[in-house]
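Listed here are the chains, written in short residue letters.
Protein chains: 2
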Amino acid sequence: MLQSKLFTKTLKTFPKDEEAINAKLLIRGGFIRKSSSGVYVYLPLALRVLDKINRIIREEMNAIGAQELLMPALVAKEYWDKSRRWHTDIAYEFKSPFGEEFALGWTHEEVISSMAAHFINSYKDLPAAVYQIQTKFRAEPRAKNGLLRGREFLMKDLYSFHADKESLDNYYQQVIAAYQKILKRLGLKARITEASGGAFTKEYTHEFQVLAPAGEDLIFYCVQCDFSQNKEIAIVQNGNRCPKCGGDIQSSSAIEVANVFKLGTRYSDAFNLAFTDEKGSRHPVVMGSYGIGPTRILATLVEVYNDPKGIIWPAAVAPYKVHLIEIRGSGTESRCKRIYNQLKKAGTEILYDDRDVSAGEKFADADLLGMSWRAVISEKTGAKVELKKRGSEKFSLISPTQLLKQLK
Amino acid sequence: MLQSKLFTKTLKTFPKDEEAINAKLLIRGGFIRKSSSGVYVYLPLALRVLDKINRIIREEMNAIGAQELLMPALVAKEYWDKSRRWHTDIAYEFKSPFGEEFALGWTHEEVISSMAAHFINSYKDLPAAVYQIQTKFRAEPRAKNGLLRGREFLMKDLYSFHADKESLDNYYQQVIAAYQKILKRLGLKARITEASGGAFTKEYTHEFQVLAPAGEDLIFYCVQCDFSQNKEIAIVQNGNRCPKCGGDIQSSSAIEVANVFKLGTRYSDAFNLAFTDEKGSRHPVVMGSYGIGPTRILATLVEVYNDPKGIIWPAAVAPYKVHLIEIRGSGTESRCKRIYNQLKKAGTEILYDDRDVSAGEKFADADLLGMSWRAVISEKTGAKVELKKRGSEKFSLISPTQLLKQLK
Numbered sequence: 020m021l022q023s024k025l026f027t028k029t030l031k032t033f034p035k036d037e038e039a040i041n042a043k044l045l046i047r048g049g050f051i052r053k054s055s056s057g058v059y060v061y062l063p064l065a066l067r068v069l070d071k072i073n074r075i076i077r078e079e080m081n082a083i084g085a086q087e088l089l090m091p092a093l094v095a096k097e098y099w100d101k102s103r104r105w106h107t108d109i110a111y112e113f114k115s116p117f118g119e120e121f122a123l124g125w126t127h128e129e130v131i132s133s134m135a136a137h138f139i140n141s142y143k144d145l146p147a148a149v150y151q152i153q154t155k156f157r158a159e160p161r162a163k164n165g166l167l168r169g170r171e172f173l174m175k176d177l178y179s180f181h182a183d184k185e186s187l188d189n190y191y192q193q194v195i196a197a198y199q200k201i202l203k204r205l206g207l208k209a210r211i212t213e214a215s216g217g218a219f220t221k222e223y224t225h226e227f228q229v230l231a232p233a234g235e236d237l238i239f240y241c242v243q244c245d246f247s248q249n250k251e252i253a254i255v256q257n258g259n260r261c262p263k264c265g266g267d268i269q270s271s272s273a274i275e276v277a278n279v280f281k282l283g284t285r286y287s288d289a290f291n292l293a294f295t296d297e298k299g300s301r302h303p304v305v306m307g308s309y310g311i312g313p314t315r316i317l318a319t320l321v322e323v324y325n326d327p328k329g330i331i332w333p334a335a336v337a338p339y340k341v342h343l344i345e346i347r348g349s350g351t352e353s354r355c356k357r358i359y360n361q362l363k364k365a366g367t368e369i370l371y372d373d374r375d376v377s378a379g380e381k382f383a384d385a386d387l388l389g390m391s392w393r394a395v396i397s398e399k400t401g402a403k404v405e406l407k408k409r410g411s412e413k414f415s416l417i418s419p420t421q422l423l424k425q426l427k
Numbered sequence: 020m021l022q023s024k025l026f027t028k029t030l031k032t033f034p035k036d037e038e039a040i041n042a043k044l045l046i047r048g049g050f051i052r053k054s055s056s057g058v059y060v061y062l063p064l065a066l067r068v069l070d071k072i073n074r075i076i077r078e079e080m081n082a083i084g085a086q087e088l089l090m091p092a093l094v095a096k097e098y099w100d101k102s103r104r105w106h107t108d109i110a111y112e113f114k115s116p117f118g119e120e121f122a123l124g125w126t127h128e129e130v131i132s133s134m135a136a137h138f139i140n141s142y143k144d145l146p147a148a149v150y151q152i153q154t155k156f157r158a159e160p161r162a163k164n165g166l167l168r169g170r171e172f173l174m175k176d177l178y179s180f181h182a183d184k185e186s187l188d189n190y191y192q193q194v195i196a197a198y199q200k201i202l203k204r205l206g207l208k209a210r211i212t213e214a215s216g217g218a219f220t221k222e223y224t225h226e227f228q229v230l231a232p233a234g235e236d237l238i239f240y241c242v243q244c245d246f247s248q249n250k251e252i253a254i255v256q257n258g259n260r261c262p263k264c265g266g267d268i269q270s271s272s273a274i275e276v277a278n279v280f281k282l283g284t285r286y287s288d289a290f291n292l293a294f295t296d297e298k299g300s301r302h303p304v305v306m307g308s309y310g311i312g313p314t315r316i317l318a319t320l321v322e323v324y325n326d327p328k329g330i331i332w333p334a335a336v337a338p339y340k341v342h343l344i345e346i347r348g349s350g351t352e353s354r355c356k357r358i359y360n361q362l363k364k365a366g367t368e369i370l371y372d373d374r375d376v377s378a379g380e381k382f383a384d385a386d387l388l389g390m391s392w393r394a395v396i397s398e399k400t401g402a403k404v405e406l407k408k409r410g411s412e413k414f415s416l417i418s419p420t421q422l423l424k425q426l427k
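Residue numbers (the working numbering), protein chains in the order written: chain H, 20 to 427; chain Z, 20 to 427.
One chain only, chain H, in its complex shape (with noise of 0.2 Å):
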């Protein structure tokens, strides 16, 4: 991609009404904009390291053998109804011209259920699972942490069915490890930590929760092993003793980046869903809830990889791979051109900043945008080119060559 076609500008100052580092960064670098309180829009940088992330999530769910669909935002009130969610207080709730209420969905155990009672009927179309990647909306009421908070956000949200709890428990434990090594992959460390289920169930969940201090939760975790528990239930303090295995208790700030819960009955019951065991038995469908939020994760990659002079992406989602800078002088047009088109025709994405600006204002930018290496051609690197990490301090000069060996 050419930087002066780039549909987004840099701006040389942070957004003044943005407290959030995610927000700050992600503005000023022009990947996103801020529509209303809460709302943003996703810009072409930013939907480059969405789709990443959403394909590696995608990935991940199909491996534990869950089937991608679809659900409407528009949620009829009869479902929030049998299921006594009308009225939350975190739902966007109105009512049509025509007369038909809807709450935007900000969860979809409601309509899944509904469905599934369509599809399950028997113990052999058990256990089954379905995702989807789709937009949620939550009436928040002050969205100040940019897009950890969003008022419309995206969400991958699964949903499994099982005959038993044991069932249950085993897929349980099968997101867990798909989710763990989703974050892997994006390059989070995160502690399954303990927490109460809120609106959606008595019993405890576990959250992924990224240590970070933008997070507006506050965890006790140990810090010899993974003991970890959300403020809300912890029965341990900063500087208690481990009840698990004696070691340190230490708090955090820290980011909810997925969660999994267990729901029991409570949304078959509500819903109907029931099947026929091998014995002509009818018995209610035994459900679990698992989240994982793509725009949330995007947020986090910024507040845990950033320096004071910009974002610094994890690899695997760096909008581009290599961020290619044009020192304008005798023959470095043509240089670069050449290794742009050899990059792209390597399949290595490139972002190649063609634009008549200073050398300071470009490195500024790079360093701003944070893709994983960064390639300068001048009139002082000759036939060579400089490559730099963004992170590091350490430059080589390479030739094209070994340029397109390395970045392939």
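Incorrect hints may appear among the rest.
Identical chains blur together in the list; that is why a pair holds if it fits in one copy or across any two.
Pairs of lysine-lysine, DSS-like flavour, derived with a Cα cap of 27 Å [unchecked claim]:
| id | residue 1 | residue 2 |
| --- | --- | --- |
| 1 | K53 | K101 |
| 2 | K155 | K399 |
| 3 | K31 | K403 |
| 4 | K364 | K250 |
| 5 | K31 | K340 |
| 6 | K328 | K364 |
| 7 | K143 | K28 |
| 8 | K427 | K114 |
| 9 | K28 | K340 |
| 10 | K53 | K143 |
| 11 | K96 | K114 |
| 12 | K143 | K31 |
| 13 | K24 | K200 |
| 14 | K203 | K155 |
| 15 | K35 | K101 |
| 16 | K364 | K427 |
| 17 | K114 | K155 |
| 18 | K363 | K35 |
| 19 | K263 | K399 |
| 20 | K101 | K114 |
| 21 | K155 | K263 |
If you are wondering where the hints come from, they were derived from the structure by calculation, not from laboratory data.
Dock chain Z against the given chain H, drawing on the hints supplied.
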């Protein structure tokens, strides 16, 4: 994919609450489910078709230099106030619990124009074009035509920005050519039809109309040349001579699958979207707006490609290329599994009907679901496979090696 694992089931009969062929066949085939009037769930089979439609659209949009982004569904009242489109009768409008007023985006000229004003400032920034594939909402009074007129649907909307009308006219033709390519790749024949611009513009616009009984539009077209006009503005009637070539004028119902609008400066005026030319003068940006509907295309394909037995998907969008049918008998399972695994390994999209149901039910479902090829393995076929194209009556009995070669 193993059909026994597919999270959908075909129905024995057509749904009673649907009138349109597209909804009847798609629901009976387990492609979609109605969530509420005009609102549908896209099940795994339909999502595969939609993904293929979207991929083709993206390829052709990228080929004309358009960049993908993603705008929100929550569009604040202030945007519509500026363009005087608040209280449009097709909008779902509502007030949040905190007093903000929104309309669910039924189009995005407002958001894109407002945002483009931050990125377009000089003649050097023009021309530019951006698009999104995103969920739109329209408060349809009576949604009776299945996916052809949904209250929630997918839209690919493209917006272009120009320094002058000449540049717009040029790009307008490029988009028309791109839309023609998209529809051709999808197997649809569309007539480019003159129409009024409705709420969008006072100029004539162009619609891509696919002739079909289910179409809600009436068009008058020439059987000899490309003359075609929407009833709203038609200067000819059935049986007239074509004003362009003298050929016969006929009328037909038609489905509008895409449209192109020259917006001029209506939205750039409203949102202060202007640029400085080479001489330092400011001018409003000249805009175009172009839509093509992936979910409506899905429905149109079903309306056009069906027979009394079911759907006949064009090869480019069939959920799976081949439907492997096992008629249970001695040795059939191992032969089916071998071919299934070989085809999967070769990258061929295959649905394997491994269910324990009658041959008649399997054949009926294969016709209903409409994959391009049906491959049958039974005791009767011996070491060979019976291959048949959906919609054709011609069978061939070929070896597994030939099958692999033909379907790769």
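A quick look at each hint next to the structure:
In this homomeric assembly, K53 and K101 come within 27 Å of each other (Cα to Cα) only across copies, at 17 Å, whereas the closest approach inside a single copy is 36 Å. With identical chains, the CA atoms of K155 and K399 are never at most 27 Å apart, being 51 Å at best within one copy and 52 Å at best between copies. Taking the shortest alpha-carbon separations for K31 and K403, neither the intra-copy value of 31 Å nor the inter-copy value of 69 Å comes in at or below 27 Å. In the homo-oligomer, the alpha carbons of K364 and K250 never lie at most 27 Å apart, since the shortest distance is 52 Å inside one protomer and 49 Å across protomers.
In this assembly of identical chains, K31 and K340 lie within 27 Å of each other by CA distance solely inside one copy; the values are 24 Å within and 51 Å between copies. Proximity of K328 and K364 under a CA criterion of 27 Å is satisfied in neither setting, with 31 Å inside one chain copy and 46 Å between copies. In the homo-oligomer, the alpha carbons of K143 and K28 lie at most 27 Å apart only across protomers (13 Å), although the nearest pairing inside one protomer, at 55 Å, exceeds that limit. For the identical chains of this complex, K427 and K114 are neighbours neither inside a copy (54 Å) nor across copies (51 Å), given an alpha-carbon limit of 27 Å.
With identical chains, the CA atoms of K28 and K340 are at most 27 Å apart within one copy only, with a shortest distance of 19 Å there and 43 Å across copies. Taking CA atoms no more than 27 Å apart as the test, K53 paired with K143 passes between copies only; the shortest distance there is 25 Å, against 48 Å inside one copy. In this homomeric assembly, K96 and K114 come within 27 Å of each other (Cα to Cα) both inside a single copy, at 10 Å, and across copies, at 17 Å. In this assembly of identical chains, K143 and K31 lie within 27 Å of each other by CA distance solely across copies; the values are 19 Å between and 61 Å within a copy.
Taking CA atoms no more than 27 Å apart as the test, K24 paired with K200 passes between copies only; the shortest distance there is 24 Å, against 36 Å inside one copy. In the homo-oligomer, the alpha carbons of K203 and K155 lie at most 27 Å apart inside one protomer (25 Å), although the nearest pairing across protomers, at 34 Å, exceeds that limit. For the identical chains of this complex, K35 and K101 are inter-copy neighbours only, at 24 Å across copies versus 44 Å inside a copy, given an alpha-carbon limit of 27 Å. For the homomeric pair K364 and K427, the shortest alpha-carbon distances inside one copy (10 Å) and between copies (26 Å) are both at most 27 Å.
Taking the shortest alpha-carbon separations for K114 and K155, both the intra-copy value of 18 Å and the inter-copy value of 17 Å come in at or below 27 Å. Proximity of K363 to K35 under the C-alpha cut-off of 27 Å is found in neither arrangement, the shortest distances being 37 Å within a copy and 53 Å between copies. Proximity of K263 and K399 under a CA criterion of 27 Å is satisfied in neither setting, with 60 Å inside one chain copy and 64 Å between copies. Taking the shortest Cα distances, K101 and K114 sit within 27 Å of each other both inside one copy (18 Å) and across copies (24 Å).
In this assembly of identical chains, K155 and K263 lie within 27 Å of each other by CA distance neither inside one copy nor across copies; the values are 37 Å within and 51 Å between.
Hints 2, 3, 4, 6, 8, 18, 19 and 21 from the list above are not met by this structure, while the remaining hints are.
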